[in-house]
Amino acid sequence: MKLKTNTSLTIIIAAAVLLEIISAVQYYYTRSLLAEELEHRAESELTMKAIIVKNSLNMSEISLRGHIRDLKRNLSYPDSLFGTTEWVLHTHPNLVGCGVAFVPHFFPEKGRLFEPYAYRENNKVKSIQAAGEKHDYTKSGFYKEGIAADGPIWTAPYVDDIFKIPMVSYTLPVWDKNHETIAVFALDIPIRILGDTLNYRHMYPSSYDILLTADGEYIAGPREDHVSRKDVEHIISIINDSTVAKSPSMSGRSQVATFNDRGGRGKGSVFFANFKGQPRWQIAVVCYDDEVYGKLRAMRRNIGLLMLVGLVILSLIVLRFARNDRRLQAANLMQERNDSELRIASNIQKEMLPKQSPTGCSDVDIHGLLIPARAVGGDIFDYFIRDEKLFFCIGDVSGKGVPSAMVMAVIHSLFRMATAHENNPARIMQTVNETSCDGNESNMFVTLFIGVLDLPTGRLRYCNAGHDRPVIVGAEALPAEANLPVAVFADFAYEMQETVLADGSTLFLYTDGLTEAKNRERQMFGVERVMDVLNGSVNLTPAQLLEKMVGEVHAFVEDAEQSDDLTMLAIRYTPRQFESKLTETLVLKNDVREITRFSSFMKSVTEQLGIEKSLARQLRLAAEEAVVNVIDYAYPTGTEGDVTIHILSDGHTIRFQIIDTGVAFDPTAKEKADTTLSAEDRQIGGLGILLVRELMDTINYERVDGQNVLTLIKNV
Amino acid sequence: MIMNTTIKEIDGKYVATLKGEMDTAAAVEAEEVLKPLYQSNGKDVIIDCTELEYIASSGLRILLGILKGAKASGSKVVMKGVNDDIKNVFKLTGFISLFEFE
Numbered sequence: 001m002k003l004k005t006n007t008s009l010t011i012i013i014a015a016a017v018l019l020e021i022i023s024a025v026q027y028y029y030t031r032s033l034l035a036e037e038l039e040h041r042a043e044s045e046l047t048m049k050a051i052i053v054k055n056s057l058n059m060s061e062i063s064l065r066g067h068i069r070d071l072k073r074n075l076s077y078p079d080s081l082f083g084t085t086e087w088v089l090h091t092h093p094n095l096v097g098c099g100v101a102f103v104p105h106f107f108p109e110k111g112r113l114f115e116p117y118a119y120r121e122n123n124k125v126k127s128i129q130a131a132g133e134k135h136d137y138t139k140s141g142f143y144k145e146g147i148a149a150d151g152p153i154w155t156a157p158y159v160d161d162i163f164k165i166p167m168v169s170y171t172l173p174v175w176d177k178n179h180e181t182i183a184v185f186a187l188d189i190p191i192r193i194l195g196d197t198l199n200y201r202h203m204y205p206s207s208y209d210i211l212l213t214a215d216g217e218y219i220a221g222p223r224e225d226h227v228s229r230k231d232v233e234h235i236i237s238i239i240n241d242s243t244v245a246k247s248p249s250m251s252g253r254s255q256v257a258t259f260n261d262r263g264g265r266g267k268g269s270v271f272f273a274n275f276k277g278q279p280r281w282q283i284a285v286v287c288y289d290d291e292v293y294g295k296l297r298a299m300r301r302n303i304g305l306l307m308l309v310g311l312v313i314l315s316l317i318v319l320r321f322a323r324n325d326r327r328l329q330a331a332n333l334m335q336e337r338n339d340s341e342l343r344i345a346s347n348i349q350k351e352m353l354p355k356q357s358p359t360g361c362s363d364v365d366i367h368g369l370l371i372p373a374r375a376v377g378g379d380i381f382d383y384f385i386r387d388e389k390l391f392f393c394i395g396d397v398s399g400k401g402v403p404s405a406m407v408m409a410v411i412h413s414l415f416r417m418a419t420a421h422e423n424n425p426a427r428i429m430q431t432v433n434e435t436s437c438d439g440n441e442s443n444m445f446v447t448l449f450i451g452v453l454d455l456p457t458g459r460l461r462y463c464n465a466g467h468d469r470p471v472i473v474g475a476e477a478l479p480a481e482a483n484l485p486v487a488v489f490a491d492f493a494y495e496m497q498e499t500v501l502a503d504g505s506t507l508f509l510y511t512d513g514l515t516e517a518k519n520r521e522r523q524m525f526g527v528e529r530v531m532d533v534l535n536g537s538v539n540l541t542p543a544q545l546l547e548k549m550v551g552e553v554h555a556f557v558e559d560a561e562q563s564d565d566l567t568m569l570a571i572r573y574t575p576r577q578f579e580s581k582l583t584e585t586l587v588l589k590n591d592v593r594e595i596t597r598f599s600s601f602m603k604s605v606t607e608q609l610g611i612e613k614s615l616a617r618q619l620r621l622a623a624e625e626a627v628v629n630v631i632d633y634a635y636p637t638g639t640e641g642d643v644t645i646h647i648l649s650d651g652h653t654i655r656f657q658i659i660d661t662g663v664a665f666d667p668t669a670k671e672k673a674d675t676t677l678s679a680e681d682r683q684i685g686g687l688g689i690l691l692v693r694e695l696m697d698t699i700n701y702e703r704v705d706g707q708n709v710l711t712l713i714k715n716v
Numbered sequence: 717m718i719m720n721t722t723i724k725e726i727d728g729k730y731v732a733t734l735k736g737e738m739d740t741a742a743a744v745e746a747e748e749v750l751k752p753l754y755q756s757n758g759k760d761v762i763i764d765c766t767e768l769e770y771i772a773s774s775g776l777r778i779l780l781g782i783l784k785g786a787k788a789s790g791s792k793v794v795m796k797g798v799n800d801d802i803k804n805v806f807k808l809t810g811f812i813s814l815f816e817f818e
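Read top to bottom, the protein sequences are chains C and W.
Residue numbering for the first sequence is 1 to 716, as defined by the numbering used here.
Residue numbering for the second sequence is 717 to 818, as defined by the numbering used here.
So that you can see chain C by itself, here it is in the shape it has in the complex (with noise of 0.2 Å):
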């Protein structure tokens, strides 16, 4: 049971880890998938960001550079140069400003600075003399990179002291003949108009485009509703940061960074990449594992709450076979200890049945069979011989199985304690009735017959409750009334009937699972197939018939499984012939007195037949207390009678016949007095018969024409 619990566990266990690891395996793969995925994402976002900008830019550059012409033409009118300005920011509707700063002195009429600039106002494009006390381009960074720079450039970004907000510019130097420079054509961006642009889309909801410049300076990015400037420098610092770690892409085209956000959103990458070719500036992305490997995770959670509840269902399952795999084995323990009593029963009931005919008597040859259908049986048959007697029963109990075989045990107890003292069938059968219909909660029924034969006369007496009529072999069945079974009612006078069988004659008896036994095509074997076999079986010895029997059943049903318990008795009455060389008779009154007389009669016969003393007083002693017991019991007081003592010998045994013609009496169904008993207890009556049965070898009564036979034996 526990080794079971062990093992269902470690079933439970080893699932779990299984599915454990095929879970976390699956989840390193899908992310390692996911991660290259997202750097393919984020390369080509890099990509198409920068080709957006750069194309943003391109048409502010074409716009100037589409210009140059104009300005250069009309140099000689510096005041028209604020048309040209305004033309160039009609152009383009992401210019906020665009102007023409000349070197120092240029126009001597203009004085030392000159800075036509147009800008827009309330949508309206106006231009102004931009270069004033307040305004000294020559100190601002546009001026100065653009007028270093050997051609177009992108400045650094700036904050532009006129309108006051970060703006990059974008300049051309203007050459004179001599290719001198005499002033930087320049336009301006607001860097919110570049972030825009790169954050017009995203990524991930939560990821956003930056623009470097190539020395890690920002240019521009999200606006400050999606990401606050704090977490941008954040993201700045790690690009610009040489101690942390980047790793180049598999593509080699941008590198990688990965940093844990401090607003709270979690770890997150930062893709960047320089632009190819002008400007010199750099562009990155950024983007949080929640919405990169957001789904993966909540598929991992959804997946992992899937395994635990198979893992649940699985448990159950195996628990549940655990359980089953208990029941089976203790419904297998159970089923073999059943078995083992089935057959320890059925070994009871064999040990029950005579096991062959009686031993030291040859007047009977006795054979009987029981094959039970199942391990045990509900038919009966018992034999034994008492007194020169012959009792014998045949049943069958309703029904199969144990049962019906705990029924037949009780019925064959009962006939062993009826028959202890009782010779008539019927008072038998109305004992085994009576006790048997007690507590008969079942109503279980049994057919049975009882016959006691008598074996010097071979009187048979007999008595049928419900049975199959047995049958006299080579002849017809016995004339049994039906009466009814045993255990139906209480109170059911039972009859008594007699025969007499014929030296060398065989009674045949069976329960109906000899006439009933069926075959493949639920055919009965039959009466009349059990007569024809009997017939021609009367020379047989019961062993012999029984076997025949058997053979002829098997025969016929060959194969079909057999339904009922087949029983079957054999009784071939073969009585001793005896030749008596003596006979001597002495007939006394029914007085004690007589005795005297028995016992010079017995004194000398037993001088005649040459028996030693102590012998002949053994017989004395047997035949006085008989005949005292028909003395005093057999006539009632005050009547007179005789008592006639028959003696025969043939040499080996010694017969008494003891005859009155008195009341019906039995002394051999009195019980046995106990002779156990202290002086105080013991009785005075019981002593005689108990002799009588001690000292002779068989005691036999008969009723016989009226008299009372008692037929007493000694082998000498």
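Hints should not be assumed to be uniformly reliable.
[To be verified] If you anchor each label on the Cβ, the simulated ranges turn out as follows: (1) W:K803 with C:G610: 17 to 27 Å; (2) C:R416 with W:G758: 42 to 52 Å; (3) C:E612 with W:K751: 31 to 41 Å; (4) C:R576 with W:I723: 29 to 39 Å.
Calculated from the structure, these hints are not laboratory results.
Cβ coordinates follow ideal geometry from the N, Cα and C atoms, glycine included.
Position chain W against the provided structure of chain C, taking the given hints into account.
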């Protein structure tokens, strides 16, 4: 008369002497003689069977009667000189365990 029965009192004990064959008929007469021993009044009873050859169950009944009387008054019954055949009868009837034998 195939049987002779006598009683004597010697040294405060009853001594019953049974001689011959005590069949049922003889037992009737012997009982007449032995009746006083049914009340032995605390005296021990010696039953001398030295010359007793045969006894039937009616004789055993008389002996049982004497034994019951003796036991009731606290005395004992001793069987003396019982031959083998009679001892066998005592055995068969279980009387052998009731009496004392000498």
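For which of the previously enumerated hints does the structure constitute a violation, in increasing order of number? When the structure is compared with the hints, only number 4 turns out to be violated.
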